[in-house]
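Please model the entire structure based on the sequences and the hints provided.
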Amino acid sequence: MISEIIRIENFSYQYAHTDKPALVDINLSIKKGEYLAIIGPCGAGKTSLALSLNGIVPHMTVGEMRGKVFVDGIDTTQSEVSDLAHIVGMVFDNPEYQLSQSTVLSEMAIGLENIGVPRDEMLKRIAESLEIVGLSGLEERSPLALSGGQQQRLAIAAALSMYPKVLVLDEPTSNLDPMGKEEVFAVAARLNREKQMTVVIVEHEVEVIADYADRVIVLDQGQIVNSGNVNEIFSDVDSLARVGIRPPQVTAVTAGLEKKGFNFQSLPVTLDEAEATFSEWLKQDKVSA
Amino acid sequence: MAGEIAIPITYISGNSWFHKLHPIPKLIWSIGALVLAFSTRNPLFLLCFFLFGLLLIILAGILKNHLKVLMILLPISLSFIVLQSLAPAFPRPWVAISELGPFTIYQEGIYSGISLFLRCLAAVNFASLMILTTHPSDLFTALHKIGMPHQANFMVSTSLQLIPIVQREFIIILSAQRSRGMKSTGFSAAIPSIVPVFAGTIERIQQLSLSLASRAFGSKGIKTNIREVKATFKDYASGIIGLGFTFVGAWYLIYFGDELDWSEDALLPVLFSEILVVGSAIIFIGTIFFFWRKAKG
Amino acid sequence: MSNIIECINLSHVYPTGFSAIKGINLKVKSGEIVAILGQNGSGKTTLVKHFNGLLKPTGGTVSINGLDTAKQTVFNLSSHAGYVFQNPNHQLFATSVLAELEFGPKNQGLANDEIAARVKETADFFQLHSIINEHPLRLSFPLRKIVAMASIYAMRPSIFILDEPTTGQDHGGAEKVRKFLRKLQDDEKTVILVTHDMPLVAEIADRVIAMWSSEIISTANPREFFYDLTTMKKTKLQQPQVTALSHRLQNKVLTDGITLTVPETINALEKVLT
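Residue numbers (our numbering), protein chains in the order written: chain A, 1 to 289; chain B, 1001 to 1297; chain C, 2001 to 2274.
To be clear, the hints were calculated from the coordinates, so they are not data collected in a lab.
Bear in mind that the values here come from a model prediction, so they are computed numbers and not experimental data.
Take the hints with a grain of salt, since some may be wrong.
[To be verified] Derived list of chain C stretches under chain B, where covered just means 3 residues or more per stretch with a C-beta under 8 Å from a C-beta of chain B:
{"hint": "1", "stretch": "2071–2080"}
{"hint": "2", "stretch": "2101–2108"}
{"hint": "3", "stretch": "2149–2163"}
Glycine included, every Cβ here is placed at the ideal spot set by N, Cα and C.
Next up, the structure:
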């Protein structure tokens, strides 16, 4: 039986000195090994939600919290952020802002030093994590000399070395070039598929999410307005438009054709699905309804 | 431009005996050297001390880097000679030996000036020896073992990383604002150039603190270190010798202070004194002017 | 139409010895929207920094509106070519959006009533009236990017250099940028667009310049560029999803060539399916 790794119950949060809550009555259950994507317009509360998964909200923010967040059974309000660090790994949107040391090795060591891992074990975990993200051999390099994609992979490796059960990524590719974006998505996918890592990713790149995610939740003005698998969410084009999100291009094309009177059993959400849909169509030579 | 004014005082890696020495004895020797240098004004002693430090620097293989530091400090130290000669920090009475326009050069002033000059250089030699051969992380790892908080190590290494980053950001911001027609000099350029640097640095630090918190920064419990600093017999011995040398030396210099005071005896020829003072002034003012022009870009 | 930007054998070697761009020959006509593509480090940013004088050529020449940039100051060129930096935080410093919009025109030495007119027109276009007195640093990131663009627009340059205008934006913010670009197109402004956003390029660019390893390896219109899979592979860039779809359906469905945008794809498929 697949078990639950994160449970959020009636969770609301309002930052001090604001007139609206950032999150309203969030109820969410994340299963082990799931690849969950969170989408929504800017200001919807996506980052606040992500930061609540390792206790940064509420411990490092000022505001009022209601409800509960349980991570691996632990109530986040009853534990410190540092206690959750080895359960939930967090990667932020700006690669460079996460790095502070003069070598890749010392950057990787920070987390492990903080949780008191013995030196030999440290070196083993570092080598392992760097290998998973494809940065082996760069231990003595300065993090500032790495490309954006490499820096972000370093941030992922640093999180991985703590052996977390969940990896949370908050808009990890927004500052990267296409190559860097691909590197990060590939690593996240590999972790999810090969290591059964639970992945929670906040993203705008809907075309990519459609390829990887098991489940998508749509956030708007602090509330979950929709939740389902990629096909359910992305084919509901009108609902997405209401919150200012555009669907994958192929879905938009098919929805547009629907409006012109064509019938589709279901809207494709990935390139492969779209190719199949239209190739099929032409074989059967369908005409307008 | 701004990017060229780099700070030359950083760790230089190497394999000399000094590099391998434990940070704590090095710290003891550096502080001891400072104590000794400030225990006397005797120019001969200070000169020997300076040369001894220089010898150690050559042995450590860091002469080239150290000379860069000296290049900056030398002209500034020469100002001591100028200032002291005209207004000695020395007990009266003073003996005037020359008049240059409105200024009077005093014998005690020359003596005091030369002493301060050599004191400064001697102390810098040993400070350099310490800083250039010790990786900051090793120093703080060692201090951590004797009770210093783990956080201090981290703060130092992070601050060192921050300096080139802030420099780089500043240059980008200047480009951005110049692209909006801002003139690069003058008072009106100050706020548009500096506010973004501050805002950016604060945002960076905020993000960094979240990233570190996510890596258990601030957790209670035992911390480990990836860097290894082991103390061997050699290190203990150096430390103890250093302490001993400092105490004995300081005691000697202070006890025999009066006999080592050569201010009455070391009479320099008048012309030499005049050239020394004027020359130092020219070099000092010239250096300031040079740096001011360079910073203007 | 004259060449508003002309690069002749332009190269730039940094003081470290690194050759960032070499042998660049480029002519941009007035009113053209040119997209400059390539991975980070390919020389894109170095190239466009020559267009407003932030960098001067170490070899070859660059002329903007007929002016040789080597003989011009950044100040002079800032009225011809406005550069919107990728990170708005590098530009925003004032205590209100109004002051940000005034900054450029003030530097240009305009009279107060002219400055006020420019600010009003800019605020109208970007719909900034509701936040005109807000502190820029309290705005969301997408809004900050808009304010940064607006503050350059207020200087009325004939050339706009936009560095990654849609990066870091949500879909709504990206749409605002698209609207802005379409307006610039209508106003016949010249736009140099440095971007990774391929759908944006497909939609709006007249011409695409692809850079790889300090050189221009392709200049073509978007339709030709996105069809050229060899160059795309070399520069590690990807077609917009609809273009990839139309490409795949080439032999089976669409025989009129690839499509660049969603509406175009809808129309092309409609034609075939009826």
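So which hints don't hold here, by number, going up?
-> none
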